[in-house]
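Colleague: Protein sequences appear in the order of chains D and B.
Letter by letter, the first sequence follows residues 1 to 261 in this note's numbering.
Letter by letter, the second sequence follows residues 1 to 123 in this note's numbering.
It should be emphasised that the hints constitute simulated quantities derived from the structure, not laboratory data.
Among the clues, some could well be false.
[Unchecked claim] With a straight-line cut-off of 30 Å between C-alpha atoms, the simulated DSSO-like cross-links for lysine-lysine are:
| # | chain 1 | residue 1 | chain 2 | residue 2 |
| --- | --- | --- | --- | --- |
| 1 | B | K65 | B | K104 |
| 2 | B | K104 | D | K196 |
| 3 | B | K45 | B | K117 |
| 4 | B | K112 | B | K65 |
| 5 | B | K112 | B | K2 |
| 6 | B | K45 | B | K112 |
| 7 | B | K104 | D | K190 |
| 8 | B | K86 | D | K196 |
| 9 | B | K2 | B | K65 |
This one's a predicted model, so the numbers in the text were calculated from it and none came from an experiment.
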Amino acid sequence: MSDSKKNPQGLDQEVMEKLRVQANALAEQVNAGDYGQAMALINDLGEVRDQSLYREVGRLTRSLHEAIRNFQVDPRNAEQQEALSMMTDASDRLEYVVQMTGQAANRTMDLVENAMPRAHAMRDEAAALRDEWQRLRRREMQPAEFRELYGRIDTFFVTLTQDADTIYENLSEILLAQDYQDLTGQVIQKVTTLVKEVEDHLLNLVVMASHVDQLTGTVHDIESNDVSAEQGVGPQMNAEEREDVVAGQDDVDDLLSSLGF
Amino acid sequence: MKILIVDDFSTMRRIIKNLLRDLGFTNTDEADDGNTALPMLRSGKYDFLVTDWNMPGMSGFDLLKEVRADESLKTLPILMVTAEAKRDQIVAAAQAGVNGYVVKPFTAAVLKEKIEKIFERIQ
């Protein structure tokens with residue numbers, strides 16, 4: 001809930017030494033009843049704190065500048081800031097991934113939806129012809145009916161060849177539509193690298209800022225920002241290794257049946 | 001049998017629509033979140049609701065609660081088809097009155113089985 005953990009290495013050795021010496025001196029003066037001297041020492045203590053504070057704020061500011069430069073944002077030029085921002089670029093890249101995967105999914109579904117009724121029709125016509133063929137073999141067919149069957153088989157062979165070709169072409173296009181995986185995979189890897197870099201820089205800033213917090217005695221009461229499970233949190237990673245997450249439909253079914261479903 | 005499919009991704013809606021058509025359910029409509037779905041449900045006389053959980057706007061879980069709280073909709077069968085896989089969430093959905101829960105990624109056979117099970121119970 002809070003990040004008030006004190007880091008003993010946070011303060012400069014020099015500052016800590018000064019604090020220790022002056023605190024001891026202060027205690028001595030107070031015990032001796034010399035309040036005027038004690039007040040002067042309190043002032044000195046305040047100054048030590050202030051000087052360290054300025055130094056840490058200075059470092060923090062430098063780090064911030066460094067971090068902003070590392071993101072390749074030029075804060076003096078709004079247009080360049082937009083153009084050079086790797087973060088903007090990362091968003092664009094991810095948007096590209098959404099587009100590519102969306103296109104591939106739709107392309108695949110177009111082809112599947114085109115092929116499915118053909119497969120259905122082939123099956124139905126083959127089943128109907130098989131029944132007719134059986135009747136012919138059992139010699140239950142009139143000559144007129146046979147002539148009709150003769151023509152129907154002819155047509156069937158033609159459409160069968162055409163439909164089989166179309167289905168084959170669709171399948172091969174579906175195969176090609178999977179090439180998005182290669183392209184989006186590369187893009188996602190780049191963005192992952194950027195996120196890692198940003199994380200490292202931010203971590204440095206947090207360490208810097210915590211020095212300032214220590215000097216000023218600031219304790220942050222940071223609210224937990226757990227995403228509400230009610231809104232939905234999306235797919236879970238490493239589900240197999242986690243107790244609080246189901247690993248698949250079988251787990252869901254077991255859980256629900258344990259609840260009396 | 002009129003079915004409303006609610007998911008923020010059009011590709012997922014299309015997949016579910018295709019699977020439902022294969023199961024013989026051809027009368028389907030689509031909505032992209034709870035806010036769009038709720039007025040459709042209130043005016044559209046739907047017999048079945050298939051919804052995702054995680055959506056911008058109104059989530060599927062809130063939609064489930066809204067439907068159960070609505071006098072004219074509270075008996076509507078609801079199947080959740082979602083990537084949400086936390087045990088707590090599944091328990092919460094069950095307690096809120098969901099009729100079936102399918103985790104993504106799912107197969108046509110699982111979807112079919114859950115839908116049939118729901119209709120068996122209703123009849």
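Colleague: So, for every hint listed, does it hold in this structure?
Modeller: Results of checking the hints against the structure:
no., hint, verdict
1, B/K65 with B/K104, "holds (21 Å)"
2, B/K104 with D/K196, "holds (28 Å)"
3, B/K45 with B/K117, "holds (22 Å)"
4, B/K112 with B/K65, "holds (24 Å)"
5, B/K112 with B/K2, "holds (16 Å)"
6, B/K45 with B/K112, "holds (22 Å)"
7, B/K104 with D/K190, "holds (27 Å)"
8, B/K86 with D/K196, "holds (27 Å)"
9, B/K2 with B/K65, "holds (21 Å)"
Comparing the model with each earlier hint shows no violations; every hint is respected.
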